[in-house]
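4 protein chains.
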Amino acid sequence: MAGFRPKNPDYRAVSIATFEQQRAMKTLGISIARLEPGEVDLVMDYSPEFTQQHGFIHAGVITAGLDNACGIAAFTLIPAGAGILTVEFKTNLLAPARGDRFAFRATVVKPGRTLTVCEARAYALQGGAEILIATMSGTLMALAPREASVEGKALAPA
Amino acid sequence: MAGFRPKNPDYRAVSIATFEQQRAMKTLGISIARLEPGEVDLVMDYSPEFTQQHGFIHAGVITAGLDNACGIAAFTLIPAGAGILTVEFKTNLLAPARGDRFAFRATVVKPGRTLTVCEARAYALQGGAEILIATMSGTLMALAPREASVEGKALAPA
Amino acid sequence: MAGFRPKNPDYRAVSIATFEQQRAMKTLGISIARLEPGEVDLVMDYSPEFTQQHGFIHAGVITAGLDNACGIAAFTLIPAGAGILTVEFKTNLLAPARGDRFAFRATVVKPGRTLTVCEARAYALQGGAEILIATMSGTLMALAPREASVEGKALAPA
Amino acid sequence: MAGFRPKNPDYRAVSIATFEQQRAMKTLGISIARLEPGEVDLVMDYSPEFTQQHGFIHAGVITAGLDNACGIAAFTLIPAGAGILTVEFKTNLLAPARGDRFAFRATVVKPGRTLTVCEARAYALQGGAEILIATMSGTLMALAPREASVEGKALAPA
Chain D
655 MAGFRPKNPD YRAVSIATFE QQRAMKTLGI SIARLEPGEV DLVMDYSPEF TQQHGFIHAG
715 VITAGLDNAC GIAAFTLIPA GAGILTVEFK TNLLAPARGD RFAFRATVVK PGRTLTVCEA
775 RAYALQGGAE ILIATMSGTL MALAPREASV EGKALAPA
Chain G
655 MAGFRPKNPD YRAVSIATFE QQRAMKTLGI SIARLEPGEV DLVMDYSPEF TQQHGFIHAG
715 VITAGLDNAC GIAAFTLIPA GAGILTVEFK TNLLAPARGD RFAFRATVVK PGRTLTVCEA
775 RAYALQGGAE ILIATMSGTL MALAPREASV EGKALAPA
Chain L
655 MAGFRPKNPD YRAVSIATFE QQRAMKTLGI SIARLEPGEV DLVMDYSPEF TQQHGFIHAG
715 VITAGLDNAC GIAAFTLIPA GAGILTVEFK TNLLAPARGD RFAFRATVVK PGRTLTVCEA
775 RAYALQGGAE ILIATMSGTL MALAPREASV EGKALAPA
Chain P
655 MAGFRPKNPD YRAVSIATFE QQRAMKTLGI SIARLEPGEV DLVMDYSPEF TQQHGFIHAG
715 VITAGLDNAC GIAAFTLIPA GAGILTVEFK TNLLAPARGD RFAFRATVVK PGRTLTVCEA
775 RAYALQGGAE ILIATMSGTL MALAPREASV EGKALAPA
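Chains as they are written, first to last, in this note's numbering: chain D, 655 to 812; chain G, 655 to 812; chain L, 655 to 812; chain P, 655 to 812.
Keep in mind that the hints are not guaranteed to be accurate.
Chain copies aren't distinguished; within one or between two, either way the pair holds.
[Claimed, not checked] Below, a list of computed lysine to aspartate or glutamate pairs in the DMTMM-like style, where the Cα atoms sit at most 25 angstroms apart:
hint, residue 1, residue 2
1, Lys680, Glu784
2, Lys680, Asp664
3, Lys680, Asp699
4, Lys661, Glu693
5, Lys661, Glu674
6, Lys680, Asp754
7, Lys661, Glu801
8, Lys680, Glu703
Read the hints as simulated data drawn from the structure, not as lab findings. Only a predicted model underlies this, so the values are computations on that prediction, with no experimental measurement involved.
The task is simple: from the sequences and hints, build the whole structure.
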């Protein structure tokens, strides 16, 4: 799970650029804390705007962070010009998303020409403590450069 | 999948109240379109604030809608005073979330004293067309009334 | 979910042949009960050899039936010469696998050039009753004819 | 993920006994290689009887091994007299199950009074090499001693 070799020497810049093109990440207050080949950590501050009925962060928002961490982790390893799409993910919710700050940490488990499998974990940070609150396993699909350029057309995951 | 009998005669009012206590739903612009015992439809307008890099709605936001539809569908069938938590869900993304409006339709597949299994589908609505864009299967857990009242304490899904 | 058009006019014969090449299906006593484009029903008799600690059929065996139903349902819709691989699946277990006979019914939810998403349900049959015992959602991947012929070499799902 | 404290001092003997009551494990040739609190490794030799159309082990059989590893890992941590049931699992298949021998290694990620979440990985062993072929994340449910004794009656996962 270590020592992935990016195919795109410019992986860092394009991964950050792709992340920043996602307005949802800005709206949710999620940013990149660490980015290595096949590994990405995102962070998000608590915001009452994204809570569920008990005042904790909504599971869908936690999932957005986990999914995005997986997507960018997979993106670091695909060829220049290719795009990435999420095929599927599963989230297990282990504890309430209660904290001042949240971290979403993803790792590529198996890179592939077409499909990449990632795992991610979400943590709630409060005081000095860090509590595991959710896990994700997901599949992402690389779009060949030509397909990736036809945005809004051929983007279905199949 | 039809003819569920709610245990709580007041299920409609408490389901709506629980939904409305979720600030995330308001922030995301998601509202209830239909609510029957074991079945819930939510709707959401397109908003550029919740898009990914291609201008489509982010998968995490689609998942938030699907998860909430499942949660409220399960909630309609639990006893008065009980609470509901998501244990896990899996989302398959079938097509880009491109549309003017989105629908999230959930059905209880198997109600239970402790665990309830739901399925949900997300549709993009554009022009007169309705396109299936994602599916979810998820597990929800009922919290006994006593546990449900200790908010912020015993809410872990285990 | 109806009216799928097979690309391979010979889909029926090749689907049955692929199924019959799976020794696991024979060992588990699973056979095809119905096969239409994008829809497959399998059946299995109860066998004490495949039980768990309570005398019910093991969840892994139920999953083998569900996965195979999905795989053959996807196979009916792919081009001549192509192969099929399972990428991932999730199983929810709803009730004990107690019965004289079991049915596994799969439907293609979204066919695709590369990926096909299927759903399946497992039922226990006992007396005249039919009880839903498990659900599956899964992703399958078509292998291009050339890849499919290099059996034992390029079969990784990525 | 280390240092789990079993509630049942006799966890080792009862975990092994539960495993051995599963005839499916014997039929599939799966046995326990290592058992610690919250961690279980199972092994299985290749058998042509459980293969799919390319001669590799069927995904359902790999899943049976992964699920059982999770079940026993969860079982090591539950109170004396309690039983365990699988609620759900998701399997990602990463590479063909080609090898002389297979290992299924599970770890408890989050133990709980009612629900326990586990992760497991399957490896193919061939020559000296060990290849990751599948991952699982799953949820298991503890049955209270009274329920666990009513075998064949109250065993539904809900």
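Do the hints match the structure? See the list:
no., hint, in the structure
1, Lys680 / Glu784, "within (24 angstroms within a copy, 29 angstroms between copies)"
2, Lys680 / Asp664, "within (23 angstroms within a copy, 39 angstroms between copies)"
3, Lys680 / Asp699, "both (12 angstroms within a copy, 19 angstroms between copies)"
4, Lys661 / Glu693, "within (15 angstroms within a copy, 36 angstroms between copies)"
5, Lys661 / Glu674, "within (21 angstroms within a copy, 41 angstroms between copies)"
6, Lys680 / Asp754, "both (18 angstroms within a copy, 21 angstroms between copies)"
7, Lys661 / Glu801, "both (18 angstroms within a copy, 23 angstroms between copies)"
8, Lys680 / Glu703, "both (14 angstroms within a copy, 8 angstroms between copies)"
In this structure, every one of the numbered hints holds.
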